[in-house]
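K.L.:
One letter stands for each residue in the lines below.
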Amino acid sequence: MTKPKILVQLDGDEHASIFDAVVAVDAEIDHLLQYHSVEAGQVRDLVHGAMFTRGPQDLHNTAIFIGGANVSHGESLLRTATGCFFGPMRVSVMLDANGANTTAAAAVLAAARHVDLAQSEALVLAGTGPVGQRVVRLLARAGCKVRVASRSADRASVTCEQVRAIVAGAMLTPLATSNASETAVALDGVNIVIAAGAAGIELLSAETRAACSSLRVAVDLNAVPPLGIGGVAVTDKAVELAGVICYGAIGVGGTKMKIHTAALKKLFTVNNLVLDAEEIYEIGRELESGS
Amino acid sequence: MTKPKILVQLDGDEHASIFDAVVAVDAEIDHLLQYHSVEAGQVRDLVHGAMFTRGPQDLHNTAIFIGGANVSHGESLLRTATGCFFGPMRVSVMLDANGANTTAAAAVLAAARHVDLAQSEALVLAGTGPVGQRVVRLLARAGCKVRVASRSADRASVTCEQVRAIVAGAMLTPLATSNASETAVALDGVNIVIAAGAAGIELLSAETRAACSSLRVAVDLNAVPPLGIGGVAVTDKAVELAGVICYGAIGVGGTKMKIHTAALKKLFTVNNLVLDAEEIYEIGRELESGS
Amino acid sequence: MTKPKILVQLDGDEHASIFDAVVAVDAEIDHLLQYHSVEAGQVRDLVHGAMFTRGPQDLHNTAIFIGGANVSHGESLLRTATGCFFGPMRVSVMLDANGANTTAAAAVLAAARHVDLAQSEALVLAGTGPVGQRVVRLLARAGCKVRVASRSADRASVTCEQVRAIVAGAMLTPLATSNASETAVALDGVNIVIAAGAAGIELLSAETRAACSSLRVAVDLNAVPPLGIGGVAVTDKAVELAGVICYGAIGVGGTKMKIHTAALKKLFTVNNLVLDAEEIYEIGRELESGS
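Protein chains in written order, with the working numbering: chain A, 1 to 291; chain B, 1 to 291; chain C, 1 to 291.
Mixed in with the good hints, there may be bad ones.
Because identical chains cannot be distinguished in the list, a pair is counted as satisfied if it fits within a single copy or across any two copies.
Claimed, not checked - The calculated lysine-lysine pairs, modelled on DSS-like cross-linking and capped at a C-alpha distance of 27 Å, are: (1) LYS145 to LYS266; (2) LYS3 to LYS237; (3) LYS265 to LYS145; (4) LYS145 to LYS3; (5) LYS237 to LYS265; (6) LYS266 to LYS3; (7) LYS237 to LYS258.
Everything labelled a hint here was simulated from the structure, so no lab data went into it.
If we strip away everything but chain A, and leave its shape as in the complex, we get (with noise of 0.2 Å):
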């Protein structure tokens, strides 16, 4: 007999994510195990309880879900949660603190569908915050020249660091954008411009993304106005805005949505999967492609 789908939520915030736990449940799991304020010094515990019930043919109906504000906390549970596998004997696991995976997936996705990633130079405003430094592996990954803009030039040169450290071969660009005229100046030859800033904050204004003629994609993440892209609406999805097809933060969204159920379908496939950013953009891709 086939074992229910149990999904075990860790969140490192006060309460559980009720948005992940709804998408869990549409997700068609069976049991849903909520656990909040989780420390990395408690995952091995709470992992050891999920990998040591059942036997290792049924563990691929037992999966974790990493969630919680913190994308860094994340991180340093999902560390924490596979350091404790060994051979057989694990689960499959997720992770997607404050969205950030499904959200940098269903940007990237979004501008792949209008220019050919490889061929393309793309500027990534705020690309050294979590969903931005998720952004720019995911696009360097697929061949793409990266502008990575902060208003700190070590910031960006160090997660340009980061990122060549996990991206064999990744043609990154450390940028300064403290200004309009820096924003221009980092704007001016690309084609694809993602901003993954704090909600409220506009990185690029109407007029500065206007005057530039190579850019053909513009993406904003931010949800909360003013929006991070002058002229970019929060529900755009692939609106044409001369010459540039916009996307907004809920234009965005579906796709997000999309790819984090499917994203914990998979995970009760086989229990040796970690879906971080790249398995879950790959997830997204396979999505788009209908296969």
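For chain A, the structure is supplied; the task is to place chains B and C on it using the hints.
P.N.:
Same frame as chain A, now just chains B and C:
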């Protein structure tokens, strides 16, 4: 495909109520998400997680139940939750902190089986507490004259003002009942008395009650001896005692439970219900009339 | 209509055990209500919530599982929980904090497959710990003579007194085994040895074990190397080693898991079970006999 029914239990206590959880399961929800130690300042993120996950056509399958022992804390959670909603982006929500709404509804419905509320005058003992205030509201809205009794005349006056602000034209009289003779005066001429006091405190002696010739219905909501009304047994359910129809806490408990269950089921019929005292009473009236 | 099976997991730890949760799901409960950081002073309200919600005819579909790493804390939760029940107003409850009851039952059952307990004499190493005490209790109740060993003779004596208070006529001898020669003396003449010590501490060397000609069964409940009995492998399951039948922690783990699952299922057959060491052992015996 119909989405599973998800009930989010927001509870201000250190442990979420098992009572509320069991009733939810028996109301045939599919998944219960329990949250404990919920503060008003945390409600926005939680409610956003519930309202921004499923599409508008599926939002009636997600609902929120607000519980916990502290009724005013629950009211605060309800205000914050409903303040998050806009347009069609909302989920149905029910408040029954400390069982106050379902208890008050069951008590007033018990009385309404035997007398015409619009032609009645009622005394509500401990009418300033969370259950008492709701009993006063429900009686007043049904056209009943209500004497609102408290040990403190000032508190009784405050409650009367609060209820008048909610129920236009409410016919209310504040009264102090700090001793037996004041209670006898307060009772004189009413046909309904409802005791909504704390556990283990007698608010009305058997002698005073027996001396009141106008009385037709006595409802005592205290389940822990000594009971609130002398001579009423906790299991009394329409038991006649010298011409007075008596109900004890367990005697109204069956009705309370049916209302609670019916209200939870109703939450999942549409996505825009806010079930507080009046709406929950109305659900009870529909149950009584068999509609 | 049959009510869904609700298991309330009361756990004293900061996070409720995932192990216990997964076993509960696989025992075919419908809804699991997880409570963590449960203090004895909070049990009354929680248990009242479980026992006062459904009617007496449905109470067998609600049950309580008490877990957590601290066995004496779990015992305290059990005492408080059972103290809340009266008359038919009760739900079935099982204690298996730290797996102590199911582990002790599996260990004693393993020995009982190979020797007649009523004709045996056993040495229980670390017999004063939570698992060890239960092993002593179960052996004594089966008519086995038991030598209760601890590094401290005083603690061993205390455990003997406690077990005698529970098992009338128990034949117990307290012993100090603080070094190899004391352990050799303690082992001399017994046919069963069960090591119930903490992880990573060898309680009986391979040499001392091999020198004991009377020994027939050795059970080691420590799963983390160095194991408790030299020469016994953690996966040993009735493996013969120079005439001694050996069991390691994983070797008794399958039986432990079957007992745990069967005990959970039994909880939902009636509403008045209290499953502690003896009752859980009896469930194991029924499983072994195929009844």
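K.L.:
Hint by hint, note whether the structure agrees.
P.N.:
Hint check:
1. Taking identical chains as interchangeable, the C-alpha atoms of LYS145 and LYS266 are never at most 27 Å apart, the minima being 31 Å within one chain and 55 Å between chains.
2. For the identical chains of this complex, LYS3 and LYS237 are inter-copy neighbours only, at 26 Å across copies versus 40 Å inside a copy, given an alpha-carbon limit of 27 Å.
3. Taking identical chains as interchangeable, the C-alpha atoms of LYS265 and LYS145 are never at most 27 Å apart, the minima being 33 Å within one chain and 55 Å between chains.
4. In the homo-oligomer, the alpha carbons of LYS145 and LYS3 never lie at most 27 Å apart, since the shortest distance is 46 Å inside one protomer and 42 Å across protomers.
5. Taking the closest pair of Cα atoms, LYS237 and LYS265 come within 27 Å of each other only inside a single copy of the chain (26 Å); across copies the shortest separation is 37 Å, beyond that limit.
6. With identical chains, the CA atoms of LYS266 and LYS3 are at most 27 Å apart both within one copy (16 Å) and between copies (20 Å).
7. For a Cα distance limit of 27 Å, the shortest separation of LYS237 from LYS258 inside one copy, 15 Å, qualifies, whereas the shortest one across copies, 47 Å, does not.
Going through the hint list in order, the structure does not satisfy hints 1, 3 and 4.
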